[in-house]
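What follows is the residue order along each chain.
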Amino acid sequence: MNYLDWIVLSLTLIFVVSYGIYRSREKQSMDSFLLAGKSMPWYHVTLSLMATQASAITFLSAPGQAYTDGMRFVQFYFGLPLAMVVLCITFVPKFSQLKVFTAYEFLEGRFDLRTRALTSFLFLLQRGLSTGLSIYAPSLILSAILGWDITWTNIISGGIVMLYTISGGSQAVSHTHLQQMAIITVSMVVAGVMVVKFLPEEVSFTDALHVAGKMGKVNLIDFTFDLNNRYNVWSGLIGGFFLQLSYFGTDQSQVGRFMTGSSPGQSKLGLAMNGLLKIPMQFLILLVGVLVFAFYQFTAPPLFFNQTVVDKIKTTQYASEYNALESQHNQIQATKRPQVLALTDALKRGDEKAIENSRNTLAKMEASVGKVRTDAQTLLSKANGGDTNDVNYIFLRFVIDYLPVGMVGLLIAVILLASMGSVASAYNSLASCTVVDIYKRMVRKDNDSHDYVAASRWATFFWGVFCIFVAQYASRLGSMIEAVNILGSLFYGVILGIFLVAFYFKNINSRAVFWGSIIGEIFVVTSYILDLTAFLWLNLIGCTLVIAFAWCIEKIWPQTGVTPKSA
Amino acid sequence: MELNENNPPDSDGLSEDSISRDGLPPFVSTWKQLYIVMIGTLALLIILFYLFMTHFQ
Numbered sequence: 001m002n003y004l005d006w007i008v009l010s011l012t013l014i015f016v017v018s019y020g021i022y023r024s025r026e027k028q029s030m031d032s033f034l035l036a037g038k039s040m041p042w043y044h045v046t047l048s049l050m051a052t053q054a055s056a057i058t059f060l061s062a063p064g065q066a067y068t069d070g071m072r073f074v075q076f077y078f079g080l081p082l083a084m085v086v087l088c089i090t091f092v093p094k095f096s097q098l099k100v101f102t103a104y105e106f107l108e109g110r111f112d113l114r115t116r117a118l119t120s121f122l123f124l125l126q127r128g129l130s131t132g133l134s135i136y137a138p139s140l141i142l143s144a145i146l147g148w149d150i151t152w153t154n155i156i157s158g159g160i161v162m163l164y165t166i167s168g169g170s171q172a173v174s175h176t177h178l179q180q181m182a183i184i185t186v187s188m189v190v191a192g193v194m195v196v197k198f199l200p201e202e203v204s205f206t207d208a209l210h211v212a213g214k215m216g217k218v219n220l221i222d223f224t225f226d227l228n229n230r231y232n233v234w235s236g237l238i239g240g241f242f243l244q245l246s247y248f249g250t251d252q253s254q255v256g257r258f259m260t261g262s263s264p265g266q267s268k269l270g271l272a273m274n275g276l277l278k279i280p281m282q283f284l285i286l287l288v289g290v291l292v293f294a295f296y297q298f299t300a301p302p303l304f305f306n307q308t309v310v311d312k313i314k315t316t317q318y319a320s321e322y323n324a325l326e327s328q329h330n331q332i333q334a335t336k337r338p339q340v341l342a343l344t345d346a347l348k349r350g351d352e353k354a355i356e357n358s359r360n361t362l363a364k365m366e367a368s369v370g371k372v373r374t375d376a377q378t379l380l381s382k383a384n385g386g387d388t389n390d391v392n393y394i395f396l397r398f399v400i401d402y403l404p405v406g407m408v409g410l411l412i413a414v415i416l417l418a419s420m421g422s423v424a425s426a427y428n429s430l431a432s433c434t435v436v437d438i439y440k441r442m443v444r445k446d447n448d449s450h451d452y453v454a455a456s457r458w459a460t461f462f463w464g465v466f467c468i469f470v471a472q473y474a475s476r477l478g479s480m481i482e483a484v485n486i487l488g489s490l491f492y493g494v495i496l497g498i499f500l501v502a503f504y505f506k507n508i509n510s511r512a513v514f515w516g517s518i519i520g521e522i523f524v525v526t527s528y529i530l531d532l533t534a535f536l537w538l539n540l541i542g543c544t545l546v547i548a549f550a551w552c553i554e555k556i557w558p559q560t561g562v563t564p565k566s567a
Numbered sequence: 001m002e003l004n005e006n007n008p009p010d011s012d013g014l015s016e017d018s019i020s021r022d023g024l025p026p027f028v029s030t031w032k033q034l035y036i037v038m039i040g041t042l043a044l045l046i047i048l049f050y051l052f053m054t055h056f057q
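The listed protein sequences correspond, in order, to chains R and G. Quick note, the first sequence lines up with residues 1 to 567 if you use full-length UniProt numbering. Quick note, the second sequence lines up with residues 1 to 57 if you use full-length UniProt numbering.
Hints are supplied without guarantee of correctness; some may be wrong.
[Claimed, not checked] Dumping the calculated DSS-like pairs for lysine-lysine here, alpha-carbon to alpha-carbon at most 27 Å:
#, chain 1, residue 1, chain 2, residue 2
1, G, K32, R, K278
2, G, K32, R, K445
3, R, K94, G, K32
4, R, K94, R, K38
5, R, K314, R, K278
6, R, K38, G, K32
7, R, K364, R, K353
8, R, K99, G, K32
9, R, K197, R, K336
10, R, K99, R, K382
Derived by calculation from the structure, the hints in this document are not laboratory data. Computed from a prediction, not measured in an experiment: that's the story for all the values here.
Chain G extracted, bound-state conformation (with noise of 0.2 Å):
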């Protein structure tokens, strides 16, 4: 079987719906959302950093 985000193999019994937002924080509806924002706020500290360098350099 394929594995997928969606689709992990030890869901016993559960619904699609479910299984897929199990773990999710309320803030996003999917798994892929949820990777986005963590590369967006990996972005986000970089140009602060920066900022927060050239400011009290």
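Just chain R, same shape as in the assembly (with noise of 0.2 Å):
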């Protein structure tokens, strides 16, 4: 990196550490520490809701993913609107009835501590372990960049966050979402149209959006209903939908972003634009990966892009290996870029014929492309060992061989701030729990507020220290953003199917929702672990299973004395 570019990334990190403990300086009281003191209008709950959800990895994996994969994985997304009306219509009025911290306080009313216990735990499991992956995602790039070892990248990336998160708690996040999700979105539009700048002078972005479309990239959607394939628009829909559902409504990093809403109305505005919001903006995440794919057509691309990873096999007794693949991969390259000018020359004369030619072809040129990458990468394996999956690079790798001297402190300025503002969301949301759920609510009950800001500093610097734990194994996964999904999958549907029966099922009580939920999650991890089906649909089995089983276990055993609790 160029010592311009140094400045730009140190200048902005500093700006928004010291912002956030800027925001600090007032005297913190539970609430202000926890919610914002309920305080921030439906822009602000908006902005911080898209923040928590898209980290570093929405940035660096998807466009890799649509590099790799073509754009289908916005069909993920389209369950998100629906389960914003849903939250709109339930959660929000319940929870802003009961004045709650925590969505799992909520549970204790509807039925015992032992339900809430479970849900805040399965909470704490999931989110402590997905906060670790995040935090993994911009001390890749830093490690890739300047050849860090990765332990103390994840220090340092995940200690700088708890730096602000510990003094500043709530609004500090709150406040530093909105400047995060500024730069990024100008920054992806800049990243796009940098692209488009540096295709060949004859090819458009139209032509380039051909050519992608042409060898398979824009399959953005797909009617076929299989339970297997991982993205189409039903699983997409259904699954999507509990997912979402699950994720916003019972993920405390989630309910604790539209909680800071100064009204009721505030946080559903926000949940609203939110559902409006976020399948465009993945779009056009996904496309700026879909325009780099189509730039690397006329533009050799690396054989593998994760470059440490090369460095390292070219000191081994595999080198000599690996740079024979690399010679017959750029011949490939290099007969192919012909086919691809002949591909949009054919596009723009609309020559039918010609166009089928080109893409029969350039088929048969990706195959063996593909068919040099896998041996390169069993070559990798053997050579270095562990996981040769280079989806999470490919973005990086564009933005550092190509973009100008201080675009690329700025990209990756914003890859850490996207990061630092999920991770924020989620070391908040783990004290909260954490203070709430257990220490206020079983170790210390009646100490006063400030007692319980400073252990949930406490508890902020613990789970920050758990994750950045995580954060070292994060790299034996393969796509990151695949990766955080799935383990959310293997928690959601449950916690989301305890929610329903509280909502919806009012003669089902507390003994048969724990029993059914504890069943229920051994449904789920047994279906994952035998790969039953795709998982996106693990929420709704989840979900359904908790519903079903909960329901059966109080009709054969009824818990008797107990009054049935309005939600």
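Dock chain to chain to rebuild the complex, using the hints, since each chain is given by itself in its own frame.
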């Protein structure tokens, strides 16, 4: 990186961290530390929800996913607007009415302490693990660019977030989200424009999309109903609906964001706007990935996008074998460029026969490229061991290799800011649950507010250390954005099932829902281990099983002496 | 008390009209209309994405 990049990167980070600490000058109460004093307008709520969901993982993995797998990932978000409607109608009024700090507090009023503790535990486990992945994402960038040891990179990047989250709490988190989202949006647009600018002169934006489309990357919609197909309209609408409903309605990292709204109306509008904006935003991020793919059809891409791993193999006995594969790859790419230009020319002329010929030739070349890449990955695995998935490096490598001085620093700062936004929300929510659901409820019930603020700061510190520890193991997973969603799907369905029983099944009592959720979770984990279905469906399965088991248990083994409580 | 969309409980001292409109954007007059707009937008996006895909593929 050029010194100018370093200056841009350093100044941006110093500004955000200082701002976060500046927000913590005021004396904090429990309400302001955990829920920003319930003072935020709707646009703060919307941007905070989006910043919490769209971490560095979104920014890094999604373009890489579009590059390798096309744009079909956008279907994953189709259930989100529907989930936002249900949240506005059911969850926001309930949580506002009870003036809860965490979503799980509500469950004790409806069921009992045991059920509250179970859901809180599932949340802490799932969120603690997935936040580790969110810390790993920017660490990946720094280690790739600077050659830093990943362990220290995780400690530094996770530690910076701890600084302002511990001092500023939820208020600092919400205010920094606003700036982060503004910078991210502008930078994504600039990155997209730059990719188009780097295309050959005779190739326009639409030509690039046509090339990507003919090579199967504009696969936005798939109406085929297939339980084993990860992304199609139905898995997105149904499975995605349950995942998003559970994520936004029962995951404290999101509940804690919309509960910062200054009134129920502001919280609801914040959620509604998130429902309207999220899919177009995700579409644009994936579009950047497709444009990067189109760019690399005219300019030879690297054989493997993670340069650190490539540098490593070149110092081993496998160097000559790898170099031979690189030469083979370069040869195929050199012959590919005229074919791609021929395709764009045929597209302009509307010559269907020529288009079909070019398309078939390119498909064969792509298959050859795929084979060489597989051979290279096998070799890299043999030489270096560990994971050889480079999906997360594709966009990053493009940024470093082609963006001008200053922009590289800015985009790396943006990736770090995006990560900081989601990690900060996670730290804050993990601390909220630990203090409100465990410490305040079970350990020290009647301390004053300042004691709980101090406890929240210690809890934030503890979870920060835990998440950094988890980050050390994240590199063994494939695409991080998928890993996070798979992890969420293992727990979210069951948690959602508990909440839906609480809201809509007034005759089911605590014992039935508790054991129903334990059995449901065992089924979900077993289904995942045995690979019975695509992960998005686990949300629906988990939710349905909890409701069904709880209903059956209540019928077979009714809980006597309990007055049915209204939700 | 039964909760509904236009009658949130923590609305101390506000008239029913101002409560029901709290947070509503100017282009709709009820929350129900806003939800219809959201679902309509989703349907429109799916159609647009389908047309985008068929055009470029």
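* Which numbered hints are broken by the structure, listed smallest first? -> 2, 5 and 10
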